[in-house]
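Model the full assembly from the supplied sequences, consistent with the hints where possible.
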Amino acid sequence: MLTVTELECRERLQIRVRKRLSENDESERSLPGSNALYGSSTVSKEQGPLHRRPDVVKSKQGFPHFRERVWVKKLVHDRRIRFGTWNIGTLTGKSMEIVDVMVRRKINFMCLQETKWTGEKAKELDNSRFKLWYTGKIRSRNGVGIIVDKEWKKDVVDVRRVGDRIIVLKLVVGQDTFNVISGYAPQVGLAEHFKVKFWEDLEGVLQDIPQGEKVFLGGDLNGHVGSVARGFEGVHGGFGLGEMNGEGKSILEFSEALDLSIANTWFKKREEHLIT
1 MLTVTELECR
11 ERLQIRVRKR
21 LSENDESERS
31 LPGSNALYGS
41 STVSKEQGPL
51 HRRPDVVKSK
61 QGFPHFRERV
71 WVKKLVHDRR
81 IRFGTWNIGT
91 LTGKSMEIVD
101 VMVRRKINFM
111 CLQETKWTGE
121 KAKELDNSRF
131 KLWYTGKIRS
141 RNGVGIIVDK
151 EWKKDVVDVR
161 RVGDRIIVLK
171 LVVGQDTFNV
181 ISGYAPQVGL
191 AEHFKVKFWE
201 DLEGVLQDIP
211 QGEKVFLGGD
221 LNGHVGSVAR
231 GFEGVHGGFG
241 LGEMNGEGKS
251 ILEFSEALDL
261 SIANTWFKKR
271 EEHLIT
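With the first letter of the sequence shown counted as 1, position 160 gets the number 160 in this note's numbering; the numbers rise by one all the way through.
Hints should not be assumed to be uniformly reliable.
Stated by the list, open to error - In silico DSSO-like links for lysine-lysine, alpha-carbon gap of 30 angstroms or less:
id : residue 1 : residue 2
1  : 195       : 94
2  : 195       : 121
3  : 154       : 106
4  : 150       : 116
5  : 214       : 195
By construction, these hints were calculated from the structure, which means they are not laboratory data.
Printed below as a string of structure tokens:
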């Protein structure tokens with residue numbers, strides 16, 4: 001299933017970022033303005049006391065939960081970024097098909113699941129100037145990757161791979177930093193310890209991202225969050241398909257605890273576009 005999320009930077013979409021708190025400073029600190037977003041790239045290390053994480057409390061699900069959040073009304077630059085996520089079954093023989101879809105639908109970042117490629121590598125895709133980063137352990141199972149278009153690939157400064165189910169690209173553009181994550185959750189029928197490990201790994205990845213950096217997670221999380229929010233109004237936008245199942249509820253709880261929103265539930269779509 002292919003899902004595309006578009007950030008319309010001069011329209012009504014609100015980007016939510018976590019509020020930085022310290023004992024001596026309760027003032028809001030919003031993200032840098034747009035004039036920094038498309039400047040020359042710089043590389044920085046996320047080390048030292050400047051990147052100490054803020055105080056957190058535990059949510060009712062037991063995850064660390066940030067006390068408050070800042071709503072940034074809009075990003076004032078006049079560009080758009082489009083993200084897609086696609087469980088492709090296998091990447092073999094499909095890379096140029098994916099690039100074609102990205103070009104036609106103007107997608108800048110495509111998160112892939114079930115690539116079934118082995119290794120921890122990056123490669124330029126033939127004649128496209130798009131670049132793929134991927135990770136995988138067993139040829140017939142799992143594997144994730146991210147394809148980045150020619151405009152953004154030069155801004156990738158770091159890659160983190162966690163097993164064969166999570167990959168993270170960090171991009172620095174001017175004074176802004178983006179983290180793009182592709183994740184593939186274990187299927188319902190797999191043993192519980194596989195599921196626990198995936199969610200612990202994903203939580204660890206998110207907790208390691210310094211405050212003020214933007215996070216975009218695209219994945220096949222193997223759950224149904226349903227068509228209504230049901231108590232998760234800050235996470236679920238009220239649009240979706242079908243009924244929530246147990247795995248979907250876990251996704252919502254996880255998102256609430258880590259202060260994430262499920263982007264494709266915030267836009268109404270025609271019914272034929274909700275399933276494949």
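> Any hints this thing doesn't respect? Which numbers, in order?
Replying inline: Nothing - there is no hint that the structure violates, so all of them hold.
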